[in-house]
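Asks: Order-wise, the sequence lines are chains R and D. Counted from 1, the first sequence has number 60 at position 60 by the working numbering; the numbering is strictly sequential. Counted from 1, the second sequence has number 79 at position 79 by the working numbering; the numbering is strictly sequential.
Don't take each hint at face value.
[To be verified] No more than 25 Å apart at the CA atoms, straight line, and that leaves these computed lysine to any residue pairs for SDA-like: (1) D:K154 to R:G39; (2) D:K144 to R:V68; (3) R:K148 to D:K86; (4) R:K148 to D:K3; (5) D:K95 to R:P26; (6) D:K95 to R:L151; (7) D:K35 to R:G45; (8) D:K131 to R:G155; (9) D:K151 to R:E60; (10) D:K35 to R:L151; (11) D:K3 to R:G39; (12) D:K143 to D:K3; (13) R:K148 to D:M93; (14) D:K143 to R:L78; (15) D:K151 to R:L78; (16) D:K59 to D:T11; (17) D:K154 to R:Q61; (18) D:K86 to R:G155; (19) D:K153 to R:I157; (20) D:K153 to R:F55; (21) D:K151 to R:L151; (22) D:K133 to R:F35; (23) D:K143 to R:F58; (24) D:K3 to R:Y54; (25) R:K148 to D:H92; (26) D:K102 to R:F55; (27) D:K95 to D:V54; (28) D:K154 to R:K33; (29) D:K95 to R:L78; (30) D:K151 to R:G64; (31) D:K35 to R:V68; (32) D:K107 to D:H51; (33) R:K148 to D:L156.
[Claimed, not checked] Residues of chain R placed beyond 12 Å of chain D at every Cβ, according to the derived structure: (34) P6; (35) E7; (36) K24; (37) P26; (38) F35; (39) G39; (40) E60.
To be clear, the hints were calculated from the coordinates, so they are not data collected in a lab. Even for Gly, the Cβ is constructed at its ideal location relative to N, Cα and C.
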Amino acid sequence: MGNKKPESKEVEQYKQFEKNFETKRPLFKNCLKAFLVGGFICMIGQAITYFYIYFFSFTEQTAGNPTVATMVFISMLLTGFGVYDRLGQFAGAGSAVPVTGFGNAVISAAIEHRTEGFVLGVGGNLFKLAGSVVLFGVFSAFVVALIKTILIKLGAI
Amino acid sequence: MKKSHTLTLITALTALLTSCNSDATQHSGMSLIQKSDPDPIILDEKTEKDHKLVASIKKDVAKFDELYDVAVIKGEEEILVAYKVKHMQRFHMVKIEGEINKMLEEKYPKENFIVSSDYKIFLEAVELNDKMKNPDFSEEDAKKNLEEIIKLKKELT
C-alpha cells in the first residue's frame, strides 16, 4: 500500500489541469444543511419520545424503542411518497445518518427491485443497503457488551 | 396542490402530537417544560413526624445544585423521590443518582428509598399529586397508583 509509484510528469500536469475545472464542493454549506436537517429530524424524534412518555406508560428509558420504530416507519412512508429522496438530495448525511436513513435504505431498495418480483427482487434486495447497518450494528453492540462484561468481571465498573 | 398536501401533513402531525390530552391535568401537563415544585405526599398515616420527614427529604434533595424540581411521595413501605436534572448536568445523571442515594441512606437509615431522575416518574408523581386534590380519589387508589409508578420505575424494556 505504501509503495506507491511516483506519478509521471504528465499525470501530475493533468491532475493540475483537471483541478482548474473541478466543481468546488461547498463543504461548509453542506455541513450546515446536514446539521440543520439532521437536527430537525432529531427534534421530531424527541417530540415523539415525549409523546410516548406523556400519553403511554413509557419511561425515558423505554420510550426509545417505540420512537425508533415510529421514526423508521415515517421515513419509510416518506420514501414511498418520494419526499425523503428530495430531502436526501438537499441534506446529504443529515438525512442518512439518523435512524430514518435506515428506513429510507430499506424501502428505496424495495422500490428499485420491485420489477424483479417479490421473492428474488424485493425479498432478496430489501437489506442490500441496510444489511451492512444491521451487521455492523449487531457486531459493534457485541464488542461493546463484551468489553463491558470483561470490565465488570474485573471489577473496574 | 402540493402546498395543500404539506399543510395537511403538518396539521395531521400537530393533531396527533397534541391530542389525547384529556387525562393529564393542566398542572402535570406543563411539568416537563417548567418547574412545578409539587408538595410532598404522604399515603400512609399522616402524623406530624411524617410531615416533617417528607419536608426534610425534599429540602435535602433540593439542595443539590444539579437539580431543579423534586417530588417526594411517602408510601407504606417505600419513599419515592423523583427529580429533574438541569439540562447540561444530564451527562452526570448516574453520578448524581448515586450521590442522592448515598446522602438519603446516611441521613435516613430507617427509610427505604426509590430514587429516579426519569421524566415519566416525575410526571406520574405530579399527576398523583393533582389527583389527590380530588375528594373522589381514595387513599387506596393513591396507593395503587404509587405501586404502579414503582413498577414503572423498575421496568427496563
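Asks: If a hint holds in the structure, say so; if it doesn't, say that too.
Replies: Against the structure, the hints come out as follows:
1. D:K154 to R:G39: Roughly 31 Å between the alpha carbons, so the hint for K154 of chain D and G39 of chain R is violated.
2. D:K144 to R:V68: Violated - the C-alpha atoms of V68 of chain R and K144 of chain D are around 31 Å apart, more than 25 Å.
3. R:K148 to D:K86: Since the Cα atoms of K148 of chain R and K86 of chain D sit roughly 28 Å apart, the hinted pair is violated (cutoff 25 Å).
4. R:K148 to D:K3: violated (51 Å)
5. D:K95 to R:P26: violated (43 Å)
6. D:K95 to R:L151: Holds, at about 18 Å.
7. D:K35 to R:G45: Since the Cα atoms of K35 of chain D and G45 of chain R sit roughly 23 Å apart, the hinted pair holds (cutoff 25 Å).
8. D:K131 to R:G155: Not OK: K131 of chain D and G155 of chain R at ~45 Å, beyond 25 Å, violated.
9. D:K151 to R:E60: holds (14 Å)
10. D:K35 to R:L151: violated (39 Å)
11. D:K3 to R:G39: holds (24 Å)
12. D:K143 to D:K3: Cα-Cα ~52 Å, so violated.
13. R:K148 to D:M93: With Cα atoms ~19 Å apart, K148 of chain R and M93 of chain D stay inside 25 Å; holds.
14. D:K143 to R:L78: violated (45 Å)
15. D:K151 to R:L78: violated (37 Å)
16. D:K59 to D:T11: violated (44 Å)
17. D:K154 to R:Q61: Holds: K154 of chain D and Q61 of chain R sit about 10 Å apart, inside 25 Å.
18. D:K86 to R:G155: Status violated; Cα separation ~31 Å.
19. D:K153 to R:I157: Holds: K153 of chain D and I157 of chain R sit about 23 Å apart, inside 25 Å.
20. D:K153 to R:F55: Holds, because 16 Å separates the two Cα atoms, which is no more than 25 Å.
21. D:K151 to R:L151: Measuring from Cα to Cα gives roughly 30 Å; hence the hint is violated.
22. D:K133 to R:F35: Given that 25 Å is the threshold and the Cα spacing comes to 46 Å, the pair is violated.
23. D:K143 to R:F58: With Cα atoms ~20 Å apart, K143 of chain D and F58 of chain R stay inside 25 Å; holds.
24. D:K3 to R:Y54: Not satisfied, since the Cα-Cα distance of roughly 31 Å exceeds 25 Å.
25. R:K148 to D:H92: The hint holds at about 19 Å.
26. D:K102 to R:F55: violated (33 Å)
27. D:K95 to D:V54: At roughly 23 Å apart (the allowed maximum being 25 Å), V54 of chain D and K95 of chain D satisfy the hint.
28. D:K154 to R:K33: Distance ~41 Å between K154 of chain D and K33 of chain R Cα, so the pair is violated.
29. D:K95 to R:L78: Violated, at roughly 41 Å.
30. D:K151 to R:G64: holds (18 Å)
31. D:K35 to R:V68: violated (29 Å)
32. D:K107 to D:H51: holds (16 Å)
33. R:K148 to D:L156: holds (18 Å)
34. P6: holds (50 Å)
35. E7: holds (49 Å)
36. K24: holds (32 Å)
37. P26: The claim stands: P26 of chain R keeps its Cβ more than 12 Å from every Cβ of chain D (closest is about 27 Å).
38. F35: holds (20 Å)
39. G39: It holds; G39 of chain R is separated from chain D by about 16 Å at its closest Cβ, greater than 12 Å.
40. E60: Non-interface label on E60 of chain R violated, nearest chain D Cβ at 5 Å vs cutoff 12 Å.
The structure fails to meet hints 1, 2, 3, 4, 5, 8, 10, 12, 14, 15, 16, 18, 21, 22, 24, 26, 28, 29, 31 and 40 from the earlier list, while all remaining hints are met.
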